[in-house]
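What follows is each chain in one-letter form.
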Amino acid sequence: MDHIVPLRIQIVSIIGSVFFLMFIGRLILKGKLREEYAIVWVVCTILLLVLSFWRSALEVLAAYLGVYYAPSLIFMSALFAIIVFLVHLSVVATKLQHQNTVLAQELALLRNELHAAKGGH
Amino acid sequence: MKKAVEICGLILYVHLDPMHSMSDHIAVVIAAYNEEDSIRAVVAEVRSALEGLGRESEIIVVNDGSTDGTASAVRGSDCTLLSIAYNVGKGAASQLGFRYAMKRGCDTVIQLDADGQHPAGEICRLLEPLRQASADVVIGSRFMGNGGSHSTFGRRIGIRYFNILQGILIRQKITDSTSGFRAMNRRGLALCVEQYPDQYPEPEAIVLFRRHDMRITEVPVTMNKRRAGHSSIDAFDSLLYMFNVTLAMLMTVLRTHH
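Taken in sequence, the protein lines are chains W and V.
Just so we're on the same page, my numbering is the position in the first sequence counted from 1, plus 156.
Just so we're on the same page, my numbering is the position in the second sequence counted from 1, plus 781.
It is worth saying that the hints were derived from the structure and are not from the lab.
Just so you know, not all the hints are guaranteed correct.
[Said to hold, decoys possible] Ranges of calculated distance between the beta carbons of each label pair, as one might list FRET restraints:
| hint | chain 1 | residue 1 | chain 2 | residue 2 | range |
| --- | --- | --- | --- | --- | --- |
| 1 | V | Tyr942 | W | Ala237 | 32 to 40 Å |
| 2 | W | Ile195 | V | Arg906 | 55 to 63 Å |
| 3 | V | Glu832 | W | Arg267 | 22 to 30 Å |
| 4 | V | Glu837 | W | Gln255 | 28 to 36 Å |
| 5 | W | Glu191 | V | Lys884 | 54 to 62 Å |
[Claimed, not checked] Output of the computed footprint for chain W on chain V, the stretches with three or more beta carbons under 8 Å from beta carbons of chain W:
| hint | stretch |
| --- | --- |
| 6 | 817 to 830 |
| 7 | 937 to 948 |
[To be verified] In the BS3-like style, the derived pairs of lysine-lysine whose C-alpha atoms are separated by at most 27 Å in a straight line are:
| hint | chain 1 | residue 1 | chain 2 | residue 2 |
| --- | --- | --- | --- | --- |
| 8 | V | Lys884 | W | Lys274 |
| 9 | W | Lys251 | W | Lys186 |
| 10 | W | Lys188 | W | Lys251 |
| 11 | V | Lys954 | W | Lys251 |
| 12 | V | Lys1006 | V | Lys954 |
No experiment lies behind these values; they were computed from the predicted model shown.
Virtual Cβ for every residue (Gly too), placed ideally from N, Cα, C.
Pulled out of the complex, with its shape left as it was, chain V reads as follows (with noise of 0.2 Å):
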């Protein structure tokens, strides 16, 4: 039985390999709560970068039940808004997004953050080991490389952390878990939509991909500093977060053992 849905999800997967679909459309989820003064600047760079790619794409802005301007001040901008009633958390807005890119038949999927430390710019170097076809998920990285990493102490030591617990879990060196600036193929995408992560997504998504036998890259980026707000993981909170994260990234290992 197992095996027989296996070889379905393999047959659907060839199915809807970018490789051998006609289509060639790409899509841009970005979950915002509570961005209303950097979305729209946010949503126009991601808009021009996607212009140069020549390539079918649309930008789908989830609004998580943000309580400020969000949602108005991405009406008139080019993009598909999608709003949630009420707060649900980054990685159940993120999903939503996910589920309607699946419906619109996109192959590719960027995944960037709404308060613009994402450079849309570099989307096009994310893409380019998925159109090689030598990963399934990618990942930006301000680590690699020379990326400026303008950190604090404590934030340093939390990703550190978490590197070598990816690095015990999934045994591959991941240098920039919690980076919310990824790209994914078809494959990726359908994972998502079948199951992801709700609260802090990023590092338990890298978990559940590496334990489907996705090939996960990392490649440099250069990240801005925030263009307004503050971070969703303030240092009281950063111990919890740790925590909770690591809970859930040794839960996903144990579901996902065969």
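Bound-form chain W, shown alone (with noise of 0.2 Å):
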């Protein structure tokens, strides 16, 4: 009885990791998703997979570390990797604002060389 519910969760676990693997491998593959965004989730999917297989892992790292309950370890890793990430998205929206902010100013200067060529000489 005791073996049963951790057994449970941690083939629920795989599966929903593999899966989340499968899910942004199609992304890639159908060119959705970019192979630079890509790697962060494949990675953060690895390391799910990697405590799924290996649940003392949890514990062995708290205990390294000095977290008295191992389990938020999670939260506060989880929580760093998303502050990260969405701290890259940022970069990667100002990068895209930039490029778009010059794409803009030269369609302007190539409408109004368009416009002086067709109509007025």
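Put the two chains together into one complex; each comes in its own frame, and the hints tell you how they fit.
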């Protein structure tokens, strides 16, 4: 009885991780996700998989770091990873906005040139 | 390497310097975002002011993705219209005007707001320090002399704050940091083409100019009451504006630190 519940959640998390990995793989294949951004998700999923197989890893790590309540280690690292990734996305958005602005300026200049070439001389 | 770049820049500068240049071409850049009610009158006013100068000149209106009739209001006026497909911010819109002016070989650029608050009639006063080659950038200040300062209390505090910050960052007293009524020579123009802040450009650009060793002068001007529309900075956003601009100014100092 004692073994069944942990085993169940283990199976669920393994299946979940594998599905997530497949989902990411599909997105890359279809060109909907750049490899550049996919790597984060692949690494996270592999980490989850490792933790699903090797359940005591978390406790070992928590004991090593001196974390009293092992699951809080998960929350902490997950939060940290999310924040880092959000900052990364902000950087990407900034870069895109800059490129977008340059593009809009360029387009306006070209439009003006085209207009001048067509109508006024 | 850096030295070499500086020397090249100097050679380029001397080459393009208005004093050495044959051309005498002046451009007025007006960035307009939803200013259909005022833009036409502003262009006409600038045109008549330019005629008095007796120099080759052109007006460049940059329509920054306006959703109203700004573009059609300008059509038929004696000016070049550059239309950006969507709103990119006043700084980026002005920069497009600068790029166009650069391409056209202008050696003096004036910028003023599309809402009619800047008196086109005082353009000649802005040009005077450039003509004497005593400044690279000239700012029209409403707080110098006895210019009409019909400002609210909060706005005056904000402006005072920027003046103090500016004094610390560039060690020069600038009485009207947020003024968008400016003139600059070819050297200033080249810098603006290269890099110009895109959102709320005025105070940040001053830091940028100073950090590139440009001489900045202010001349007193009397600003008009806004012809139409409302200020792009309302009370609610002003704290955020001050925070953003402060950060941008500090970053500009750090970025240009040698």
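Consistency of the hints with the structure:
1. Our hint of 32 to 40 Å for Tyr942(V) and Ala237(W) holds, since their Cβ atoms are close to 39 Å apart.
2. With their beta carbons about 59 Å apart, Ile195(W) and Arg906(V) fall inside the hinted range of 55 to 63 Å.
3. Glu832(V) and Arg267(W) have their C-beta atoms about 28 Å apart, which keeps the hinted 22 to 30 Å range intact.
4. For Glu837(V) and Gln255(W), the hinted distance range of 28 to 36 Å is satisfied, since their beta carbons lie about 35 Å from each other.
5. Roughly 39 Å separates the CB atoms of Glu191(W) and Lys884(V), a value that falls outside the hinted 54 to 62 Å.
6. As drawn, the stretch 817 to 830 of chain V meets chain W at 0 residues by the rule of a beta-carbon pair under 8 Å; below three, the given contact is violated.
7. Counting residues of the stretch 937 to 948 of chain V whose beta carbon lies closer than 8 Å to any beta carbon of chain W gives 0, which falls short of the minimum of three for the stated coverage.
8. The suggested pairing of Lys884(V) with Lys274(W) holds, with an alpha-carbon distance near 19 Å, which does not exceed 27 Å.
9. This hinted pair checks out: Lys251(W) and Lys186(W) have alpha carbons roughly 24 Å apart, not beyond 27 Å.
10. Pair hint Lys188(W) plus Lys251(W) holds up; C-alpha atoms about 19 Å apart against a cutoff of 27 Å.
11. At most 27 Å may separate the alpha-carbon atoms for a hinted pair to count; Lys954(V) and Lys251(W) exceed this at roughly 34 Å.
12. Using a Cα cut-off of 27 Å, the hinted pair Lys1006(V) and Lys954(V) holds, with the two alpha carbons roughly 25 Å apart.
Consistency with the previously given hints fails for numbers 5, 6, 7 and 11, ordered from lowest to highest.
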